[in-house]
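**Student:** Take the sequences, apply the hints, and build the full model.
Protein sequences, first through last, are from chains A and B. Its first residue numbered 1, the first sequence is counted upward by one per residue in this note's numbering. Its first residue numbered 1, the second sequence is counted upward by one per residue in this note's numbering.
If you're looking for bench data, these hints aren't it; they were derived computationally from the structure. Computed from a predicted model, the values in this text were never measured in an experiment. Keep in mind that the hints are not guaranteed to be accurate.
On the chain B side, residues computed to face chain A include the following (Cβ under 8 angstroms) [as the list claims (entries may be wrong)]:
| hint | residue |
| --- | --- |
| 1 | 43 |
| 2 | 70 |
| 3 | 100 |
Beta carbons: idealized from backbone N, C-alpha and C, even for Gly.
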Amino acid sequence: GNSVTQMEGPVTLSEEAFLTINCTYTATGYPSLFWYVQYPGEGLQLLLKATKADDKGSNKGFEATYRKETTSFHLEKGSVQVSDSAVYFCALNTNSGNTPLVFGKGTRLSVIA
Amino acid sequence: GAGVSQTPSNKVTEKGKYVELRCDPISGHTALYWYRQSLGQGPEFLIYFQGTGAADDSGLPNDRFFAVRPEGSVSTLKIQRTERGDSAVYLCASSQMGQGYGYTFGSGTRLTVV
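**Tutor:** Written as structure tokens, this is what we have:
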């Protein structure tokens, strides 16, 4: 079946530090990959996505590249800000019957000034 | 509407009672999804509608849970004989059809069973 594994948090960084949150997946078929973000007190928001191998999704300074050879979709940002403090979820779906999104457990990021 | 609307935002109920949670999706989105999120966990899939029909209800934990979408727009998640373990945030999302479309989530309903 489909599954997503992401690094456990919490992750605590100083402002302007480099961020990597690892995500690997197992999927049947050809998955589309997503990162969602949940800011404190708010709902889940789509951060970025990639729909085929070697695609790079990017938004708000965050990037993730769809690596089929390593079944990974790691989230990166070159310089984090306090406002990036949130919980980040990696997710996938496949073209096998339009399956619903499968989420990882989430990684909590805290950025301190 | 402009976004996915879920009501109520909070619901406290006594063990054994019946509850209904409502979701109003984005206009024109044919797919509607219900998820459940427990503290410290990722969203867990419950059921998915394509139009009026439940295309996949494999995530419903047991027969106390049921959902409907009679006119292909608003959906109601119904929980009978609530248990304390049902306490969670219930999330609704809608999307256009197709694998590469992301979902738009509502703010969720926080259900607490006491």
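**Student:** Do the numbers back the hint for residue 43 (chain B), that is, is its least Cβ distance to chain A under 8 angstroms?
**Tutor:** 5 angstroms, holds
**Student:** Against chain A, run the beta carbon of residue 100 (chain B) and see if the smallest gap drops under 8 angstroms.
**Tutor:** 4 angstroms, holds
**Student:** Would the hint on residue 70 (chain B) be counted as holding, given a Cβ-Cβ threshold of 8 angstroms to chain A?
**Tutor:** The hint is violated - residue 70 (chain B) has no Cβ within 8 angstroms of chain A, the shortest such distance being about 21 angstroms.
Comparing the model with each earlier hint shows a violation of hint 2 alone; every other hint is respected.
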